[in-house]
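**Student:** Each chain is listed here by its residues.
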Amino acid sequence: MVATVVTDVVSTSRAVVRGASAAKAGTSARWAWLWSLGQAIGPILLALLVSAALLLALGKNPLTFYRDIVSQGLFNKGGIQDTAIRMAPLLLMASGLIVAFRANIWNIGGDGQFLLAAALVAGAGPPLIGALPNALAFVILCVTAVVVGGGWTVVPAYLKARYGLNEIITSLMMTFVGVNFANLLIKGPFRSTTTQVPQTDVIPFKELLPRIPGTRIHVGLVLALIAVFAVHYVMTRTAFGLKLRVLGANPRAAAHAGLSIPRLTIVGFMLSGAFMGLAAAVEVLGVWGYVRADWNPNFGLPLFALVFLARLNALAVIPLVGFYAVISMGGHFAARQAALPDDFMLMIVGLILLFMTLTEYLAGRSERGGYLSAGLKKALGKGGGDE
Amino acid sequence: MSDMLTAAFLSALISGGILAGMPLLFASLGETISERGGVLNIGLEGMMLMGGYTGFVVTLYSQSHWLGLLAGAGAGLITALLMVVFCVRLGLDQIVVGIAILIAAGGFTSVLQRAQFGTTYPRLDAMSAVEIPLFAKIPVIGPSLFAQPAIVYVGFALVAVLHWVLRSTNMGLNLRAAGEKPEALDAAGVSVTAVRSIAALSAGAFAGLGGAYMSIVGAGIFVPFMTHGAGFIGIVIAMLGRGRALWVVIGSLLFGMSVSLTTALQLVGITVPIDVVNMLPFVAVLVVLVIFARQAYLPAALGLPYKRGIR
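Residue numbers (my numbering), protein chains in the order written: chain A, 1249 to 1635; chain B, -6 to 304.
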């Protein structure tokens, strides 16, 4: 018993520091970054290739399609600003996912946390901004969103912490409830009396979050970047981050090290939800100014692929989110040109995720480790799992 | 409140429960097999969508509902081949692959649907109901229970077969061993990979059948993302059913009824907002999970790849 505990702790700490030591390992490390770059780009290329085959089969020209994506999302002056604007909520949600995944918590319910927070911000926004100085109103609204997003994770977090119930299922159930609940709010108490379509009152454009001078990009992007760096710092340089990572790498080792697993689980889960809420506040206050009923941007699912591709590294997420923002904004244009639904991009992301597992497998065979911490693979709740 | 118990209300509740419950039944039966064998199939919903789309297209062109249902099961099975290759053979992470299948299949079927039927929206004829003599004459439950399309009876027959297979055959025992202690199965000379492959493939076929039921029998049309979380409810039912086929039936029909409750309520003059209708099954799942949290059971080796010699 003692022996297994010792090996647990040793292998865990080894896993935790593996990232650091690999960087210091000397000459071979010089090429390590190239290797991880290849592992990130490989699946993307494969996914684009398979999608191109489908485009061909549908009688569309894949080259035109991809050219449309890039030219609209990256090389068009308005387009690239749209791309940057889209990055703001995505970066915040990715930060939330990283916090959760590092701690062995599968928060799949990001979309519900996002939408419910968005509905409340859009509902409370117009009167608040009218009554208070803008800066104060923004702070109150962001805090509201953070509380709502974090609060919506309490049920799955508690069920996981107390009974070991699989949070993939519970957080997803909460998403479906949250999305519909948000709609009820928008069609009910928050419904604007001035419009035909059910939606909230609109915050006037000039009352939205301030722009970065010279652009249309709102300051939410700056906030999102700060959040990403903060998450990176906390996860890699602080005791709290280490606790979460130990929990993620090996829950048994964490328990033997005296950490309170239920408490860490709940805190990590809520923190993750809080980022989803903040993402909603930034998107509503920076871009839309209102929320329509049945609006659901479905940011959450595609982000899994990006966060895993970044190997749960907050800084590596930035370029990948940028890439996805290009695909998503440019893809909207390209899809309309080709008379296809935006869901085409969803398929690309799903394929990226699939091919990523394959490249991980090949990488694993060359002993370079995987994208998942050891404990994350056991992240299936209780079921008498590893006891 | 007394008129809530009218024949029309109960009849609508039961037949609606079956209509909405059958896809859940098929999906959760599939997940039961898969989980028993140690393969967690998070991509169940994706397989349902593939089955729903394929079933719809095949029925549309062949004009045969049965061919469509079969094709739906086939499409689910082919999608599950990905699980077999990636998770069972290569031992890759079941959750990540499952999510990948979910996302990719959702996008794929949506793209195909738009490209083919984006402007026409063809509909299928309803599948004709088969009345079981005598039973169909029973008041209230007769017309709702014993005058259903034949696939419903097939579904219940499958439950009986599965119940027997899981409990009383070698295959069932092997399946359980693959999920609880794969080393033991391996030591007994049975291939864990083969058993788990069969489990994953059957899950795909069942899920595909469930999706096909949804599009062919239920709606008569395929709409992108029409499963709307049914696959995940199926996973929950399988978890709560603790690997027992009979419990899975009860669970599916109860959840089906919670969906049809609102339609039935409208018959007696109570209108409920559509968002509440959509929300209800998920609230029901959560309530059940909170109450029965301790009862949910998952096999010990669920989700863990099996590699010989690695503990």
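Just so you know, the hints here were simulated from the structure itself, not pulled from any lab data. Be aware that a few hints might be false.
[Said to hold, decoys possible] On the chain A side, residues computed to face chain B include the following (Cβ under 8 Å):
hint, residue
1, V1402
2, V1403
3, N1431
4, F1592
5, M1595
6, L1601
[Claimed, not checked] Cβ pair distances, simulated, as ranges:
hint, chain 1, residue 1, chain 2, residue 2, range
7, B, T(-1), A, F1453, 52 to 62 Å
8, A, F1323, B, A177, 41 to 51 Å
9, B, F285, A, H1504, 25 to 35 Å
Note that CB positions come from ideal geometry on N, CA and C, so glycine has one too.
**Student:** Which hints, by number, does the structure contradict?
**Tutor:** Numbers 1 and 8 - these are the hints that the structure violates, sorted from lowest upward.
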